[in-house]
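Asker: Please model the complete structure; the sequences and the hints are all you need to start from.
There are 2 protein chains.
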Amino acid sequence: MSIETQIIEIAAAAKAASGIMAAVPRKQKDTALMIMADLLETRAEQIKSENQKDVAAARENGLSSAMIDRLTITDKTIVAMAEGLKFVAGLDDPVGTLSDSSIRPNGLEIARMRIPLGVIGIIYESRPNVTVDAAGLCLKAGNAVILRGGSEALYSNLALAQVIAQGLADAGLPDAAAQVIPVRDREAVNILLKQEALVDLIIPRGGEGLIRHVVAHSSIPVLKHYKGVCHGYVDDTADLDMAVEISVNAKAQRPGVCNAMETLLVHEKIADDFLPKLHRAMTQAGVTLKGCEACCRMLENIQPATDEDWAAEYLDLILAVRVVPDMDGAMGHIAAYGSNHTEAIITTDYDRARRFVREVDASLVIVNASTRFNDGGELGLGAEIGISTSKLHAYGPMGIRELTTTKFVAWGAGQIRT
Amino acid sequence: MSIETQIIEIAAAAKAASGIMAAVPRKQKDTALMIMADLLETRAEQIKSENQKDVAAARENGLSSAMIDRLTITDKTIVAMAEGLKFVAGLDDPVGTLSDSSIRPNGLEIARMRIPLGVIGIIYESRPNVTVDAAGLCLKAGNAVILRGGSEALYSNLALAQVIAQGLADAGLPDAAAQVIPVRDREAVNILLKQEALVDLIIPRGGEGLIRHVVAHSSIPVLKHYKGVCHGYVDDTADLDMAVEISVNAKAQRPGVCNAMETLLVHEKIADDFLPKLHRAMTQAGVTLKGCEACCRMLENIQPATDEDWAAEYLDLILAVRVVPDMDGAMGHIAAYGSNHTEAIITTDYDRARRFVREVDASLVIVNASTRFNDGGELGLGAEIGISTSKLHAYGPMGIRELTTTKFVAWGAGQIRT
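Line order of the protein sequences matches chains A and B. Remember, my numbering sits 5 above the position in the first sequence when you count from 1. Remember, my numbering sits 5 above the position in the second sequence when you count from 1.
Honestly, the hints are just simulated from the structure, not real lab data. Even for Gly, the Cβ is constructed at its ideal location relative to N, Cα and C. Check the hints yourself; a few may be wrong.
Derived pair list, reagent style EDC-like, types lysine to aspartate or glutamate, alpha-carbon separation capped at 16 Å [to be verified]: (1) K20(A) / E364(B); (2) K232(A) / E213(A); (3) K20(B) / E213(A); (4) K81(A) / E50(A); (5) K282(B) / D244(B); (6) K232(A) / E318(A).
According to the in silico footprint, chain B covers these stretches of chain A (three or more CB under 8 Å from chain B) [what the hints assert, rightly or not]: (7) 124-135; (8) 154-167.
Derived Cβ-Cβ restraints for the label pairs, each shown as a range [unchecked claim]: (9) A21(A) / S54(B): 30 to 36 Å; (10) T10(B) / R285(A): 49 to 55 Å; (11) E201(B) / I25(A): 32 to 38 Å; (12) I25(A) / E14(B): 46 to 52 Å; (13) Q289(B) / I108(A): 42 to 48 Å; (14) A17(A) / S69(B): 37 to 43 Å.
Answerer: What follows is the structure, encoded as C-alpha cells:
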C-alpha cells in the first residue's frame, strides 16, 4: 500500500469516527479517558521498553542530550500523562451546550449549539507525551484525532496509541477516533496536509521550522504560534518595587518558554531610579542585560543591544532593555517587534492601563502582573493544546472550547418566510 | 509598477490602517458610514454614469442578460446601498466588549475582549453593491478591507470606492482602510492570496468556481461556502398540513438562493397520506417533483430521481423527494448528500427533534420551520457578509461578530507566577 493510500485510509476512518464521537454522551468519553489513564500505569513497563528502542536509536544517530531528554519516557512522565487524562475527564463537556439564545419577532427560538470541529490533525516533534495529552483533549471535545509525532518517537507513539485505542474500544467508542500515523517518511505529513475534505484543522506543535513547513504545505486551516517575543512596559507611574518583582518573574521564573519576557521597555522619567534596581535584581537572578544607548549610559557593565536584540526570542537568561519617551513609544516598539503573544504594562494610571489593554495587539494583554500567566491553566481554561498567535477562530491559549465550534439551531412552530 | 508591487502596497497600507481602525470609537465609524450613505445619493448620477461604462462593455462582450442585470446600478440599487450603510451604522459595535470574565484564585481578573480581525480581503463577482455592503460591515467591525470585484465592474467599483474613501476621510479615518484593487488582471487575485503577513482573512463571494480557485491558491485563511443542498425531513409524527406549508415555502418562496430546500425526505409510514397533498401543493406553486422508486409508485406523472438528483443544488422550481424507512434513514441520506448548510425536521416527537438538532451536521438545524430562515437578518445577526459552511471560526451566517475575534485581557495587582 502506498503512503498516500495509507494516509487517506487513516483520514477517512477518522472522518467516519468523528461522526460517532460528535453524538457521544460525556460519560462515555470520560470513561474512555479514565481507562486510558489506568492502562498507562498497568502497561508502564511495556511502554518504557518500546520507548527504549527509540532512545537507543536516537543515541546511535547522535541526537543531542536535550532531544534525548525530551524523547525519554520515565515513570514520572507516565504518571503525568495519566493524571492529565484524569484531569481532562473531570472538565465540563462543552458539546451540546447552548448560548446566544434569542426569540425572533415571528416566535422562532434561536441559539448557538457548541459542536466538535470534526477531525483534528496534530503534528509535533519528539515529545511522546503530546500523543496522550493532545488525544485526551481532542477526544473530550468530541473530535477524532490523527497524531503525527516525530519519526524518532515512533515506537513510543505506537505503544501509546495502543493504550488510547484500547481505552476507546473498552468504552464502546470507535478506535479510529485516535490514530497515530505508523509511517516514518516525512512525505506522510505532506499528504495529510492535503486531505481538506477529511480533516478540519491542523495544529502543529514544535519549533518555528516545523510550523512554517506545515503552514506552507497545508490546504487545511492551521492554528499556529511561531514565537513569543513578549514585552513588559514600566510606566512612569508604576510602583517600582512591583515592576522589579514582576520583571524578574517574567524573565527568570522559566526563561525557556514562549511567555517569558524578552524585552523590557522603561519610561525615561523613571529610568534613572528604576534601572539600577532592575540591574541588581536581575544580576541576582542570573540574568544578563542588553541595553539601548540610554541604558548603557545609566548602567555599568551591560552589553549594548542591537536591532537584532529587539526581535530576539532568547528563551534564556538574557533581557533586552530599552528606555522609551512615553507609553506611545512603548506601544510603537511593541507593534514593530512584538509577536502577538503576551504584552504587560506596569502602571498606576487609569487611562494608560485602559488604553494599553485596548490598543495593544496580543493574545494576552496584562496589567500589573507577569507575562508568565499566558497559559491555559493560569487563565482558567483547564488544559491547553497550544497558544494561537493568529486571530481566526482562537487567539491565545486553546482549551477544550477552542477545539469546538458552534452551529445555529432554531425551534419553530410552523414558521415560514414571507 | 508591477502588479505585485501594487498589490503589496495596497495590502501594506491596509495593514497600517487596520492598526488605527482597531482603536477608533464607535461614533467615528458610524459617522463615516452615514457620510458614505449621503454621498451615494448625492453622487448617484456620477456613479450610474461610471456604471454605464461597465454595462456598455459587458454588452459589447456579449455577457448574458442575467449578468448585465447583476452588474447594473439603478436608483433602487443606490438607495438599497445607502440604507444598508445606515442600518449597519445603527448596529451595536462589538469591539472592546468583554465576555467570559472570571477571577482566578490568585486574584487575577480575566476576560476576553472582542477585537477586529485586522485586514479582510473580499473577492467577488459582478455585483457592485457588494463593494459597499462588504466595506460597511468590515469597517464597522474595526477592520481594514481590500475589495476585489469582477473586472467587468471595475469602473463602478472605483466610483463606489471614491465614495467610501471620502466618507472615511471626512470622518477623520484613514482612507486606506477600504481600497478597491484597480487592476483588471486576474493575477492580482493570486498575488493578494499570498500576502499572509498583511491580510488576516479572505472571504470569497460568488459561484463555486470562484470559491474553489480562492481556496486552492490562498495561503491566508478563507471563510467559504460552496453550495446549499438543503433537506427537509417529514417525520411520521409530523403535522402534515404544516409539513406541506413549510415544504412549499422552503422550495418555492425564492428557489434561486442557497437556503432553498432541494430534497425532501418522507417517512414511509405517512408517505401514502402526505405525498399526494405535497404533489398538489407543489404543482400549484409551479414546482416539478423528481421522486425515488416508492414516490414514483405512489404519484402519477413524476420523473424518477437518479443519484445525481440527490446531490443536486437545483436553485430552481424542482424538488427531489425520497421515501425513507425512518429518521435514521433521513439522517443517513443527509450525511451522505448534505452540504452542511441547512437541514429541517418536521415532527411532533420530542426525542426525535432533540436527536435531529444535536446530531445533524449543518450550519443551521431547524425544527418545524422553513430552511429559508438561514440568513443573518432572520437569525438576528443584523447584516451578514455570507454564510460559512466550514466550521473553523464561523459556521453559518457571518455578521459583525464573525468579523471580529477575542484576545485575553487580565488585570492584576502585582501577581507573579510561582
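Asker: Are the hints correct? Go through all of them and say.
Answerer: Results for each hint:
1. At most 16 Å may separate the alpha-carbon atoms for a hinted pair to count; K20(A) and E364(B) meet this at roughly 15 Å.
2. Note on K232(A) and E213(A): the hinted pairing holds, with a Cα-Cα distance of about 7 Å set against a maximum of 16 Å.
3. This hinted pair does not check out: K20(B) and E213(A) have alpha carbons roughly 23 Å apart, beyond 16 Å.
4. Simply put, K81(A) and E50(A) have alpha-carbon atoms about 13 Å apart, close enough for the 16 Å limit, and the pair holds.
5. At roughly 12 Å between alpha-carbon atoms, K282(B) and D244(B) fall within 16 Å of each other, so this suggested pair holds.
6. A threshold of 16 Å between alpha carbons decides the hint, and for K232(A) with E318(A) the separation of about 7 Å falls inside it, so the pair holds.
7. Interface restraint, the segment 124-135 of chain A with chain B: violated (0 residues with C-beta to C-beta distance below 8 Å; minimum three).
8. Only residues whose beta carbon comes within less than 8 Å of a beta carbon in chain B count, and the segment 154-167 of chain A has 0; fewer than three means the coverage is violated.
9. The hinted range of 30 to 36 Å is not satisfied by A21(A) and S54(B), whose Cβ atoms lie roughly 58 Å apart.
10. At about 51 Å, the beta-carbon gap between T10(B) and R285(A) stays in the expected band of 49 to 55 Å.
11. The hinted range of 32 to 38 Å is satisfied by E201(B) and I25(A), whose Cβ atoms lie roughly 35 Å apart.
12. Between I25(A) and E14(B) the C-beta distance comes to about 51 Å, which sits within the given range of 46 to 52 Å.
13. Between Q289(B) and I108(A), the C-beta spacing of about 32 Å breaks the proposed range 42 to 48 Å.
14. A hinted range of 37 to 43 Å holds for the C-beta pair A17(A) and S69(B), which are about 40 Å apart.
Violated hints for the displayed structure, listed by number in ascending order: 3, 7, 8, 9, 13.
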